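Visitor: Since each chain sits alone in its own frame, please combine them into the complex, following the hints.
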Amino acid sequence: DGGITQSPKYLFRKEGQNVTLSCEQNLNHDAMYWYRQDPGQGLRLIYYSQIVNDFQKGDIAEGYSVSREKKESFPLTVTSAQKNPTAFYLCASSTIDTTYEQYFGPGTRLTVT
Amino acid sequence: AQSVTQPDIHITVSEGASLELRCNYSYGATPYLFWYVQSPGQGLQLLLKYFSGDTLVQGIKGFEAEFKRSQSSFNLRKPSVHWSDAAEYFCAVGALNTGNQFYFGTGTSLTVIP
Numbered sequence: 001d002g003g004i005t006q007s008p009k010y011l012f013r014k015e016g017q018n019v020t021l022s023c024e025q026n027l028n029h030d031a032m033y034w035y036r037q038d039p040g041q042g043l044r045l046i047y048y049s050q051i052v053n054d055f056q057k058g059d060i061a062e063g064y065s066v067s068r069e070k071k072e073s074f075p076l077t078v079t080s081a082q083k084n085p086t087a088f089y090l091c092a093s094s095t096i097d098t099t100y101e102q103y104f105g106p107g108t109r110l111t112v113t
Numbered sequence: 001a002q003s004v005t006q007p008d009i010h011i012t013v014s015e016g017a018s019l020e021l022r023c024n025y026s027y028g029a030t031p032y033l034f035w036y037v038q039s040p041g042q043g044l045q046l047l048l049k050y051f052s053g054d055t056l057v058q059g060i061k062g063f064e065a066e067f068k069r070s071q072s073s074f075n076l077r078k079p080s081v082h083w084s085d086a087a088e089y090f091c092a093v094g095a096l097n098t099g100n101q102f103y104f105g106t107g108t109s110l111t112v113i114p
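Going down the list, the protein sequences come from chains A and B. Under this note's numbering, think of the first position of the first sequence as 1, with each following residue one higher. Under this note's numbering, think of the first position of the second sequence as 1, with each following residue one higher.
Since the hints were made in silico from the structure, they are not lab data. Don't take every hint at face value.
A few chain B positions that, by computed beta-carbon distances, are all more than 10 Å from chain A [as the list claims (entries may be wrong)]:
#, residue
1, S26
2, Q45
3, S84
Rough simulated footprint, nothing fancy, chain A against chain B, three-plus residues with beta-carbon under 8 Å [claimed, not checked]:
#, region
4, 29 to 43
5, 103 to 113
Ranges of calculated distance between the beta carbons of each label pair, as one might list FRET restraints [as the list claims (entries may be wrong)]:
#, chain 1, residue 1, chain 2, residue 2, range
6, A, K14, B, S72, 43 to 49 Å
7, B, S70, A, K71, 38 to 44 Å
8, B, T12, A, I51, 43 to 49 Å
9, A, A81, B, L56, 45 to 51 Å
10, A, Q56, B, K68, 22 to 28 Å
11, B, R77, A, G40, 29 to 35 Å
Computed from a prediction, not measured in an experiment: that's the story for all the values here. Ideal placement from N, C-alpha and C gives every residue a C-beta, glycine not left out.
Just chain B, same shape as in the assembly (with noise of 0.2 Å):
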């Protein structure tokens, strides 16, 4: 069955320091995978995606994931984390011919303290 893990619930970290958030799938099919931010009261945004090729993606607001299949992991990370990264964030995971299904993760909570 297909499934996305992120292993915590929630996260604080002070300004200025690194970031990494564990994202752990269990998908059948090739995965495309996504990590979106959630603002409180708010939508989601997408922040990076990994459909092939390069296994370090670049995203927005200076974020990055690394696919590793043979950990069936993307996590992401920023090297120095912003008072404004505080958020939901969200790990996701698709492919193609699944009847659109679009599975994600139930979300890591993350604190910035000054």
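Next up, chain A with everything else stripped away, as it sits in the complex (with noise of 0.2 Å):
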């Protein structure tokens, strides 16, 4: 089947700690997103990526960097740099012509402490 796939589903970490959200995808999207979701704030737009190698920012990139080194892959890292990064992360792919119409994965709640 195809679709995305985010893990781990639960991440747990310390203040101060750099740490990486996976996601991979098996649709052969070009695009991929990422997400963060508030209580009562929707989604916000973090980063995306049209193609491999190069990536744009969204609205809320501070405190946060991204790879795209393969098509299939869009890691996402929280650094220490964020300040507030307790959320639900959600990535999303769409092809190129149809950037509008977005598919999301299952999303990683992150906890820092």
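Guide: Right, here's the structure in full:
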């Protein structure tokens, strides 16, 4: 089955540590996205990538970094510079021609204490 | 500025009753409109989408939505709600040539009571 996988489902870290969230897709989509979800705020775009080795900042990129070394993978690193990292993180993908129709993974809940 | 508004934070309906979730948008370009559903701790599942043509669109799980350009609305409806419909519902808007920006509303939480 084609889809998007995110791992792990739950992640716990101590404040001051960097943490990397995994996102893999086998839909052959060129574009991939990372969103952050907080209660009552909907989804906010962190980063997106339309092609390997290229990515763009979204609305809330500060404190985050990404890489896109393979078409199938788009890992997100939450750095210690992110002031409030505890949140639910969603990865999505789409074709280049239909970037307005995105498919979502199951999400990773990150808790930083 | 582009935005999506879901005025109802939380709605409670009885099982078997009809449902309407409201969505209003503000968008400079011709919008593409979407409704997603999210069960607790899960990702988002696409319920339905509107690109063009017939303004009443049918989706999965018995949901439908109507695009009303004059009201900048895209309300989601279901004639008879099932207990399994309890979830968070998100309206979203996107368009071509927007730098891949895809705007979500803040969501409406649906509770279904027996």
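Visitor: Please go over all the hints and tell whether each is borne out by the structure.
Guide: Here is how each hint holds up against the structure:
{"no.": "1", "hint": "S26", "verdict": "holds (15 Å)"}
{"no.": "2", "hint": "Q45", "verdict": "violated (8 Å)"}
{"no.": "3", "hint": "S84", "verdict": "holds (18 Å)"}
{"no.": "4", "hint": "29 to 43", "verdict": "holds (count 6)"}
{"no.": "5", "hint": "103 to 113", "verdict": "holds (count 4)"}
{"no.": "6", "hint": "A:K14 - B:S72: 43 to 49 Å", "verdict": "holds (46 Å)"}
{"no.": "7", "hint": "B:S70 - A:K71: 38 to 44 Å", "verdict": "holds (42 Å)"}
{"no.": "8", "hint": "B:T12 - A:I51: 43 to 49 Å", "verdict": "holds (45 Å)"}
{"no.": "9", "hint": "A:A81 - B:L56: 45 to 51 Å", "verdict": "holds (47 Å)"}
{"no.": "10", "hint": "A:Q56 - B:K68: 22 to 28 Å", "verdict": "violated (33 Å)"}
{"no.": "11", "hint": "B:R77 - A:G40: 29 to 35 Å", "verdict": "violated (24 Å)"}
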